[in-house]
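Asker: Work out the full structure: start from the sequences and follow the hints.
Protein chains: 2
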Amino acid sequence: SSTAKENGTRTTLSSDAVINLDHGDPMAYEPYWREMGDKCTVVIPGCQSLSYFANKDNLCWFLEPELEEEIKRLHRVVGNAAVEDHHVVVGTGSTQLIQAALYALSPPDESEPTSVVSAAPYYSCYQEAADFLRSGLYKWAGDARAFDKDGPYIEFVTSPNNPDGSIREAIVKRGQGKLVHDLAYYWPQYTPITCCAHFDVMLFTASKCTGHAGSRIGWALVKDKDVAIKMTKFIEISTIGVSKESQIRSAKILGVISDSCLHPGSNNFFEYGHRIMAERWGKLREVVGSGKIFSLPEYPTEYCLFTGEFSETHPAFAWMKCNKNVEDIEKFLRGQKVLARSGKRFGSDPNYVRLSMLSREEEFEIFLHRLLAIQGTSN
Amino acid sequence: SSTAKENGTRTTLSSDAVINLDHGDPMAYEPYWREMGDKCTVVIPGCQSLSYFANKDNLCWFLEPELEEEIKRLHRVVGNAAVEDHHVVVGTGSTQLIQAALYALSPPDESEPTSVVSAAPYYSCYQEAADFLRSGLYKWAGDARAFDKDGPYIEFVTSPNNPDGSIREAIVKRGQGKLVHDLAYYWPQYTPITCCAHFDVMLFTASKCTGHAGSRIGWALVKDKDVAIKMTKFIEISTIGVSKESQIRSAKILGVISDSCLHPGSNNFFEYGHRIMAERWGKLREVVGSGKIFSLPEYPTEYCLFTGEFSETHPAFAWMKCNKNVEDIEKFLRGQKVLARSGKRFGSDPNYVRLSMLSREEEFEIFLHRLLAIQGTSN
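Quick note, the sequences are listed as chains Y and A, same order. The first sequence begins at 1 in the working numbering and counts up one residue at a time. The second sequence begins at 1001 in the working numbering and counts up one residue at a time.
If you are wondering where the hints come from, they were derived from the structure by calculation, not from laboratory data. Incorrect hints may appear among the rest.
As the list claims (entries may be wrong) - With a straight-line Cα cutoff of 25 Å, these simulated DSS-like cross-link-like pairs (lysine-lysine) come out: (1) K337(Y) with K1233(A); (2) K1233(A) with K233(Y); (3) K1039(A) with K252(Y); (4) K1230(A) with K344(Y); (5) K337(Y) with K1056(A); (6) K233(Y) with K1337(A).
Keep in mind the model is a prediction, meaning the values are calculated, not measured.
Answerer: Dropping the structure here:
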């Protein structure tokens, strides 16, 4: 079938295949969606959504009303973020919203670019997004803990953090600062929901919530109307809105997830995700603990308001440290046909790597075997 | 039905409704797609396209193989652009590809931003795209005819031109120049296909070819491999690829159009589009010709290699001049509840406006009535 063709690599991997854990490609969720079958199929006739506009009366004029509704409903069901007094701005993934936030939060009349910071280890794309066009509006200024310049700045607060899974708060805390809370991983499969987040600008993405990275759908919850207008303007200038097909499909999928949480007996999406993540973390800790070469961060146990149970954080990435004298662990793993992202990219050291925990099951198992083999030869 | 709801304004407009002809919202094609019915319906199951990747072996790794195939097939069927020795790069509308081209064609090691030019009247978004982030890589330098700086530059050549429908060639013609040919309107419904275009970088967009502006799908045909790689990199950094749902649907729709051209008896899409455009231009010229206030450009008749017939250009926009002493024709029309884009935005004079010719039929008719009424009171 075309679906099988679409999803390509479902055939068994050869034992020497390259395992790509560099991106956080969220294939771990695929079996769930296959099981859900027709419930989340969308049908789009050829005459639908010709227009640029989705809702001319809305501040974010290209946002499909059903998607706005389902985003708000899901946040209410999960209790992870306040939506009542926030505007929803949709983006082509949260990647586009990161740039929209930089554009909207940089004062337009400054002689120097506004400094952009985040505490190391920070998500590697912040630096790239801030610097790739050499903007005169904003400029990457590195680790928030080392930041001591006066004047306006923008701080990204990522919680749970990418790459290391830690729970974070703002670091710089000065008057002229603007905060962007990147909450891409603040969902029950990854971490206990300990409060309903209520920040000025909060970013989310379908790819890490539902697993639909291919849809390129992200959303921002924005308190200040003028900031929401400027973010919308950024998306208008850069892409004249966001794919209607992806919005329609995301609305359907978010709706199915909300329903799965509300109806006992149905296959609760977050329980499914939590089970997979807990299993994988258990296996990884077992393998890593069986040798002395590698180590992993520890996470506290917290009460989750959504599940009503105590749980650890099970991040979407493993932030693995190499305790041996290996100069560049990314390079070393590449030699073992495991692609990871070096700690250097996150403002940290090359004896750290970030590894995706969201691969297909088969790839995850091969990765564990290779890790065991590395430890076997090195012990 | 949800389709009726989706397409919103199908109800009859009140006679004093605001008619928005500012954007080129391509609703004129909606009846065609409604008539095609199920032929172009796409069905996307929930487990499809979770991954960021579409084709790991391709230079443009997020491009769906079916879309690449259908793009190439349509260009071969129409004969408007060479595809054999070009790479296809997909973008979130051609808007994103305009920026990707600027990024890819600006030399990275220059002390000053590369100049970006286009002959006036030029598409208003070039200036906006070049300047909105105050990039250090490139900078808008205005009308190509007035450009006299030494060093590298990028020239946009738009043919047929937006806003005025003229057929164009490069103006500056100097050694360090790079050209981007924006061929968004080089399709048989708008203009005779007089040759198979074979330029270094050619931009196209679904919104003006098929009418599916909501999908945000554009594509570039790029001769040089390194330029295609850099454009792909731009799209990776700015949005990590392009909506898979939109790509899958565009592939289907482009395929239906190619089929409609190849099978006699089926409803040829370009014949349909050409008929509508010719009718509307005929009506508009009649109304404008009945008074002395306004005037329109004239276009030569050329032989179209696709239809095998002689035809005029029937642009997607009317570039209308006001011959009376009206200070700002955009403002004047706004008073008559017709939204248009001022000539000033295109590097031209405020006695010109750009008006979309692609609105719904009903809106186009109301626009003609208002134009007649204006002429009635002014004669």
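Asker: Could you run down the list of hints and mark each one as holding or not?
Answerer: Tested hints:
1. A hinted pair counts as satisfied when its Cα atoms are at most 25 Å apart, and K337(Y) with K1233(A) qualifies at roughly 24 Å.
2. For a cut-off of 25 Å, the pair hint linking K1233(A) to K233(Y) stands: about 23 Å separates their Cα positions.
3. Distance restraint check for K1039(A) and K252(Y): the Cα-Cα separation of roughly 23 Å lies within the 25 Å cut-off, and the hinted pair is therefore satisfied.
4. Between K1230(A) and K344(Y), the direct Cα distance comes to roughly 23 Å. Compliance with the 25 Å bound is thereby established for this hinted pair.
5. Of the supplied pair hints, the one linking K337(Y) and K1056(A) holds, its CA atoms being roughly 16 Å apart against a limit of 25 Å.
6. Between the alpha carbons of K233(Y) and K1337(A) the distance comes to roughly 24 Å, so the proposed pair stays at or under 25 Å and holds.
When held up to the earlier numbered hints, the structure conflicts with none and fits them all.
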